[in-house]
Amino acid sequence: MALTELEELKQGLKRQGYIADDNTAMILRLSVLMNKPVLIEGPAGAGKTELAKAWSQYLDRKLIRLQCYEGIDESKALYEWNYQKQLLYIQAQGSDMKKWSDMSKSIYTGEFLLERPLLKAISSEKACVLLIDEIDKSDEEFESFLLEILSDWQISIPETGTVTAASIPSVILTSNNTRNLSHALRRRCFYLYLDYPNEQRELDILRLYFPELKETLGRQAVAFVRRLRLEKLKKHPSISEVIDWVSVLSRMGIEELSDDVAVNTVNILLKYREDCQKIIEKVSQRDWFGGIHNP
Amino acid sequence: MVEYIILDIARILRKSGIYVGTGEIADCINALKLLDTGKVDKYRFYNLLNAAMVKTEWGTGYIQWLVELFFEPDSEVTADRGQVLSMQVFSAMETGLGRAGKGAPVNLLVEAVLKKNVELIYALVKGYDLSLDSLLENREEALAKFKLETGWLEVSEAVENYYAQGHISTEEYESALEVLEEWNTLIMEEIERLQAKTMSREYLTQIMRTHNPRCINFLEADDFQISQMAREVQKLAKKLAVRKGRRRKAGTKGEINLSRSIKRAVQTGGIPFRLVKMDRKPSKPDIWLLCDMSNSVRKFSYFMLLFVYTVQKHYSNIKSFIFVDNLLEVTDYFKEQDLDSALDNLGSLKGYNLTGFSHYGNVLHQFKAHDLALLNKNTTVLILGDAKNNWNKTDGSEVLEKISESAAALYWLNPMAVDLWSQKDCLMEKYRKSCTGVYQCSNIEQLEQFIYHIL
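Line by line, the protein sequences are chains A and B. 31 is the number of the first residue of the first sequence in the working numbering; add one for each residue after it. 13 is the number of the first residue of the second sequence in the working numbering; add one for each residue after it.
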């Protein structure tokens, strides 16, 4: 793989509104070449889900998303038999009773199968991007369902047999790192840790969204956010919140970030009252806020 | 060639407590081939090794550290710094100043220390070709020899003299001490590296192990490691909290309950249109935690409080206590506030620390007097502490027996190494008899093992 190829990939992602670093580009490229899923860990709001979206647009593939939650099981993720429809079918056939074997064959066919995201992803003719979001929220048993599909690209359905993939999707799993994932799952994936962007990358991201952004305001905003992320807060500002904030600032026609502006708009960045209060107090301290003016 | 290096690294990683599968090694080698190894720069290489083998947040740094220890320090960095050194030394020697250690002039070094020029010192330490052969066994000796040879001793003496004679201010003196400390660390690192280079593989894995966040002793962690480890501890506490019980309840998923489904089918004319499923009900574990807060286990108790707090957030039936020489219940205290403020304000709590020395006998007797009656057979009691009774007469071991009798189980987690359990004022061996289980818990790996064991 030539380095120009990676550069191209980065440019491609940038066109989709995502600024990736070298490491991200390399791992994504390798994952496609080697047909391996990528497990992305990092703090909430660092752009993990966004990356998956941009990646699917860049590859020009459909994005199939499976949002995990506590208690998600195979009937919500893999497939489910449409039980009510099967019942109706049996009732409709009731008058001319066929043989049992015919019946059991006909009610376990594709018609009665409700495809859930995972099955949909591997049965689609055109390869897609499968995003398994926030896998750490699901229960540990759920991870085991994923193992078969992630390494062998197939799903076993007891009634009909094994469904092998029509195309191999590019799989991205994200995790907020609130619990340890099993070794079995980690072993099957490439690992990528996605932290909040550094100042330069964050500035690039803002420029991408606001081409008109004033140089001074951009630098001050990025420096301010960086400082917020260094504080001990309940929730740190995510990239999307920073974008919202800057868009408000630019609509207000603000050219320079003063302490008044910061105090009045900090609730766009921080979503807890305690956090806001803490930062408003900090802003009034000269040396904490002072450095932002000449970053 | 690269294959062998990867295999070697994987082997070292395994020995230092990181799980690396054969498939992962194969992936890593394949990926390197795809990347066309001739063109891969080293940071890409570290990142790739983390992506394919270590797979953690801190993995890239860890790999970099291993590679530098194993092969050579970053040649780019040392070369740059080396040049700085030779130029400065050269110009200094032209002016005919004295020399310290093996070449650099003392004045230059003192100046470097005062001006916080760490680069120069780094170059100096790296620049020496020190033979450690005879000193490998003894790190103290090696350190002393190194300090002499690089001029550390002379410079430190000079700085002390300057300060004594009033040539430098207190601030300058303090910053100079900091630099000297850093110099010392540099030397230590260099010794570590040289030892790793010349000594056996076992030694290397031993050092790697002590730097693996999962294996770092709670009592020895530094600030940076503490924040990494804190996250791991919270994850483990969560694991303990979400385990499922055996009782079942009706839910949207789970096994089909036939009798209930048929009963329900009566409403739809005998057709079982909706199935009733039974899911496992999350159990409500009943845990009491007693956490030692004395100074000897200060860092350990920080982690344990984190653990206690996280568990308590998920369980309703939990009571937490802290103690040094007096027992204090903190269940409500923890309930009222979030983690950071709870830990920050611990100092404002009164009544658990009267003398500053832990007194297990007293604490256990208090427990018996006030709380023993509330214990029931479903409760698991967890004591976290080093069992050092500070030579107090009452040790409360008979109370422990009673607790164990009235609770479902009594576990003790001790951060100290097992061979110290019967030494000095540690009464672990005595307490052990009354406990259901006693575990050494000095790092995350051991805590994890304990949790898997009781689950």
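Keep in mind that the hints were calculated from the coordinates and are not lab data. Fair warning: there could be bad hints in the mix.
As the list claims (entries may be wrong) - Between beta-carbon pairs, the in silico distance windows are:
1. B:D291 <-> A:S134: 25 to 31 Å
2. A:S174 <-> B:T222: 55 to 61 Å
3. A:E304 <-> B:S271: 37 to 43 Å
4. B:R26 <-> A:D182: 39 to 45 Å
5. A:R95 <-> B:S187: 53 to 59 Å
6. A:D90 <-> B:G281: 50 to 56 Å
7. A:L144 <-> B:K45: 41 to 47 Å
8. B:H382 <-> A:E304: 31 to 37 Å
9. A:N112 <-> B:Y464: 24 to 30 Å
10. A:L117 <-> B:A385: 31 to 37 Å
11. A:A214 <-> B:K45: 23 to 29 Å
Cβ atoms here follow ideal geometry from the backbone N, Cα and C, with glycine treated the same way.
May I ask which of the numbered hints given earlier this structure violates, with the numbers listed in increasing order? Going through the list in order, the structure violates hints 2, 3, 4, 9, 10 and respects the others.
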